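Protein chains in written order, with the working numbering: chain E, 64 to 534; chain G, 64 to 534.
No wet-lab data here; the hints were simulated from the structure. These numbers were taken from a predicted model, which means no experiment stands behind them. Among the clues, some could well be false.
Below, computed lysine to any residue pairings styled on SDA-like, alpha-carbon distance capped at 20 Å [to be verified]:
no., chain 1, residue 1, chain 2, residue 2
1, G, Lys322, G, Asp297
2, E, Lys259, E, Gly127
3, E, Lys476, G, Asp202
4, E, Lys137, G, Asn179
5, E, Lys402, G, Leu77
6, G, Lys447, E, Gly203
7, E, Lys425, E, Ala172
8, G, Lys104, E, Ile163
9, G, Lys137, E, Asp138
10, E, Lys472, G, Lys472
11, E, Lys137, G, Lys137
12, G, Lys476, G, Asp462
13, G, Lys405, G, Leu143
14, G, Lys425, G, Pro86
15, G, Lys173, E, Gly203
16, E, Lys447, G, Leu330
17, G, Lys262, G, Leu292
18, G, Lys472, E, Asp138
19, G, Lys131, E, Gly140
20, G, Lys131, G, Lys173
21, E, Lys322, G, Val338
22, G, Lys119, E, Gly140
23, G, Lys119, E, Met470
24, G, Lys473, E, Ala316
There are 2 protein chains.
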Amino acid sequence: KIHFPLQQRMSFSLSQGTRDYNPKQMAIRERVFNTIISCFKRHGAETIDTPVFELKETLTGKYGEDSKLIYDLKDQGGELLSLRYDLTVPFARYLAMNKITNIKRYHIAKVYRRDNPAMTRGRYREFYQCDFDIAGQYDGMIPDAECLKIVHEILSELDLGDFRIKVNDRRILDGMFAVCGVPDDKFRSICSTVDKLDKMPWEDVKKEMVNEKGLSEEVADRIGEYVSLQGGMDLAERLLQDHRMSQSKQACAGLSDIKLLFSYLQLFQVTDKVVFDLSLARGLDYYTGIIYEAVLTQAGAVPAPAEAQKGAPAEESVSVGSVAGGGRYDGLVGMFDPKGRKVPCVGVSIGIERIFSIMEHKAEVSAEKVRTTEVQVMVASAQKNLLEEKLRLITELWDAGIKAEVMYKKNPKLLSQLQHCEESGIPLVAILGEQELKDGVVKLRVVATREEVDISRADLIAEIRKRTSEA
Amino acid sequence: KIHFPLQQRMSFSLSQGTRDYNPKQMAIRERVFNTIISCFKRHGAETIDTPVFELKETLTGKYGEDSKLIYDLKDQGGELLSLRYDLTVPFARYLAMNKITNIKRYHIAKVYRRDNPAMTRGRYREFYQCDFDIAGQYDGMIPDAECLKIVHEILSELDLGDFRIKVNDRRILDGMFAVCGVPDDKFRSICSTVDKLDKMPWEDVKKEMVNEKGLSEEVADRIGEYVSLQGGMDLAERLLQDHRMSQSKQACAGLSDIKLLFSYLQLFQVTDKVVFDLSLARGLDYYTGIIYEAVLTQAGAVPAPAEAQKGAPAEESVSVGSVAGGGRYDGLVGMFDPKGRKVPCVGVSIGIERIFSIMEHKAEVSAEKVRTTEVQVMVASAQKNLLEEKLRLITELWDAGIKAEVMYKKNPKLLSQLQHCEESGIPLVAILGEQELKDGVVKLRVVATREEVDISRADLIAEIRKRTSEA
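Can you make the complete structure from the sequences, with help from the hints?
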């Protein structure tokens with residue numbers, strides 16, 4: 064018996080709102096990441112990484128009311144640290160710290176929020192963000208339009224069902240509040256209330272404005288008229304003529320930019336999914352210009368059980384929530400610069416956890432066999448005492464770059480070796496037996512068809528490559 | 064002016080012992096990860112992920128003296144949480160929690176240690192671990208040998224210079240301590256002292272054993288004789304005959320396994336780099352059998368300045384430290400199981416941060432131009448007022464999967480567009496001018512050679528693919 068200090072046995076739950084990813088979930092996650100990263104790379108983005116914790120003061124004052132959701136580390140004698148809450152503030156800190164004035168970068172990493180978890184709906188306390196941002200002083204709306212093009216590409220490629228990208232502008236919201244008679248110091252607070260329109264009917268939002276936020280009914284009703292409006296470039300043009308809106312310089316600046324944005328979106332061929340929606344507010348403090356959010360509009364995005372799908376009538380269009388969002392934040396980097404020098408930024412964050420949930424659900428419903436390894440061939444034996452020969456063969460295969468497995472048993476049964484292939488989707492088996500060794504061949508078995516052919520040792524690697532190249 | 068609550072400006076340092084990765088470092092990191100992940104996949108591994116923080120009690124009692132280096136989260140009303148210290152304990156917790164009795168998995172993720180950072184030598188408080196582990200009840204030493212094969216493959220492919228993989232066994236160490244006369248309750252403590260032999264001469268290690276740990280000189284000297292031994296299968300055979308060692312059953316079990324291990328390593332063709340070294344101890348409590356550690360042996364691993372290399376004599380072989388390590392831990396999973404059911408495990412962890420440091424240094428010294436994007440073509444204009452045409456063209460390219468960029472200016476100078484290509488290594492420029500538009504062509508410029516050819520719009524995508532397919 065070895066000398067091993069056995070501790071008392073532990074319970075083994077996970078922290079609330081977190082989860083493990085099993086191999087199947089990881090295979091799906093890898094697929095989604097590959098689609099997203101390919102898109103970011105297609106648009107010429109570099110990538111960076113930042114630490115999972117920052118000095119507490121770096122995060123202070125950036126998230127408004129949500130600051131209470133930040134995880135702090137224990138003071139163990141040293142600096143006060145917090146887990147990152149998003150990737151945008153660390154990005155701004157990175158730009159200021161390194162005096163970078165233009166960059167196009169993506170960053171995929173986990174962020175942390177002490178929120179109420181709702182794990183079945185893909186809401187966790189630890190979750191991935193996939194951010195793409197363009198920093199730099201450029202001509203108006205070109206980078207902004209590219210961000211929307213990227214959202215369009217990613218959601219189309221992931222094939223999650225139909226979607227809409229809502230667009231608005233903080234300046235239009237602020238201008239609208241001003242001309243409707245909202246006092247200056249209530250803009251942010253009323254903005255948060257408007258943000259609830261995707262979850263609450265107008266009547267409840269209005270009540271909150273009047274009863275909790277102290278607006279008059281009249282002011283609230285004026286806001287209500289505007290936030291019910293949706294359209295495209297035409298709506299922006301109409302509002303530029305609106306007798307109230309046209310009194311606000313900022314609203315006009317925002318509306319002109321929306322017009323310009325739509326002209327670029329036409330060239331990018333994505334206007335089919337984009338809608339200018341005055342009810343879109345987005346909660347974060349740091350946005351200064353255009354804001355946007357993508358929502359899936361099909362109930363089909365989370366597929367109904369097979370039963371219900373047969374001959375089902377056109378499904379009602381139901382929002383299943385936001386899967387991407389972002390906007391322009393021209394002031395954030397300046398908050399980190401000793402001289403307050405601004406670096407204009409615009410970016411988008413893909414709501415990857417919700418996408419994972421949908422993809423996992425899809426894989427489950429379709430009973431799709433998700434492979435969790437990429438093994439091309441199993442090296443197996445038909446008789447006993449062939450371990451050495453198998454290890455010699457698999458060494459050749461590995462050294463040639465073939466993905467190969469062998470069972471960790473001296474004398475496994477052929478059947479159990481074949482079963483392992485069936486279960487894990489390995490397409491080929493290279494079977495060694497005494498006769499094959501004498502003849503200098505390997506019996507190559509195709510798992511799906513059970514076809515078997517003798518291949519000479521010299522040709523084996525080429526044969527495996529040929530038969531698995533489509534994978 | 065927009066309504067934006069400007070906070071007081073922040074300082075923007077990073078937490079001690081952490082760092083950002085810039086795009087160049089990320090490009091190198093991606094390359095290293097690709098090599099490592101390819102190897103793990105070649106050996107048929109699945110992957111999992113676990114949360115960055117675990118319940119504090121999950122980590123308690125697993126790391127011996129090192130437990131003081133664990134980061135705790137602040138108690139914000141709820142569970143007591145700690146940042147993971149390695150990936151092995153979360154893996155064991157995962158297996159127990161999901162009742163998994165066999166799996167071959169890799170896990171690449173960041174871990175956290177409140178250690179003294181030494182960032183120039185690649186030691187951080189936040190750092191990556193790349194772990195590969197095989198769990199399951201298998202025939203002896205086959206999975207263990209595969210772990211060493213993997214280390215051999217990865218270090219060879221990364222081309223970091225010559226290396227050695229030291230191998231030992233906890234049972235040999237414990238047996239040796241027993242037959243040398245170390246009291247049972249001092250095994251772990253003396254093991255930690257032996258572990259310092261790679262940083263301290265024997266004389267100092269002996270002093271610590273005698274003065275601090277209370278061994279007699281005689282006992283220490285006996286240990287000293289053994290820990291100076293290095294060899295291969297022959298050494299294991301010799302020690303099995305050793306009059307003292309042969310008295311310990313555990314030592315004999317360990318020595319027989321070393322022999323078996325070397326026989327598999329011969330079949331895997333990796334014995335050239337593997338050495339059985341009785342001074343290898345490794346600090347962690349949870350190892351129960353074979354242990355190993357890979358070290359780079361060439362000063363050349365961190366390349367000397369170009370000057371010194373010319374006509375330099377054969378460089379002295381200097382250990383620049385451990386780049387991989389691991390071992391067998393058959394008891395850890397059982398610590399998490401309510402019934403104490405054991406799942407034998409063996410694994411290896413690649414010391415990726417040190418490898419990053421070496422690769423970054425190499426890239427610097429060789430003045431290698433590291434590309435940070437994969438852009439194939441820049442869409443450029445030779446005259447003014449062609450933004451719309453450029454956006455139309457780049458939309459075609461993106462939609463065809465071509466990686467393409469355009470400058471975010473209405474009327475950039477041709478020279479500045481070409482300069483951007485030179486700087487970021489973009490190989491092709493698709494230049495639009497009024498004449499080209501009339502003729503239905505694009506001028507395709509090869510940045511390296513400055514060659515320019517007119518290509519019809521219909522052939523452009525195929526031409527770009529052809530010219531960048533080797534990349």
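>> Next pair to validate is Lys131(G) with Lys173(G); report whether the Cα-Cα distance is within 20 Å.
In response: 18 Å, holds
> For the pair supplied as a hint, Lys104(G) and Ile163(E), is the alpha-carbon distance within the 20 Å limit?
Replying inline: 38 Å, violated
> Would the pair Lys322(G) and Asp297(G) pass a check requiring their Cα atoms to be no farther apart than 20 Å?
Replying inline: Roughly 8 Å separates the two Cα atoms, so the pair holds.
>> Holds or violated: Lys137(G) and Asp138(E), Cα atoms, limit 20 Å.
In response: It holds: about 7 Å lies between the C-alpha atoms, which stays within 20 Å.
> Is the Cα-Cα distance between Lys137(E) and Lys137(G) 20 Å or less?
Replying inline: 4 Å, holds
> Taking 20 Å as the top limit, are the C-alpha atoms of Lys137(E) and Asn179(G) close enough?
Replying inline: 18 Å, holds
>> Holds or violated: Lys322(E) and Val338(G), Cα atoms, limit 20 Å.
In response: 71 Å, violated
>> Does Ala316(E) sit within 20 Å of Lys473(G), going by the straight-line distance between their CA atoms?
In response: Cα-Cα ~19 Å, so holds.
> Lys119(G) and Met470(E): Cα distance at most 20 Å?
Replying inline: 37 Å, violated
> Going straight from one Cα to the other, do Lys476(E) and Asp202(G) come out at no more than 20 Å?
Replying inline: Distance ~14 Å between Lys476(E) and Asp202(G) Cα, so the pair holds.
> Keeping to a limit of 20 Å between CA atoms, is the pair of Lys472(G) and Asp138(E) held or broken?
Replying inline: Given pair Lys472(G), Asp138(E) is violated - Cα atoms ~48 Å apart, limit 20 Å.
>> Next pair to validate is Lys405(G) with Leu143(G); report whether the Cα-Cα distance is within 20 Å.
In response: Violated. Lys405(G) to Leu143(G) sits at ~27 Å, over the 20 Å cutoff.
Checked against the numbered hints given earlier, the structure breaks hints 7, 8, 10, 12, 13, 15, 18, 21, 23 and satisfies all the rest.
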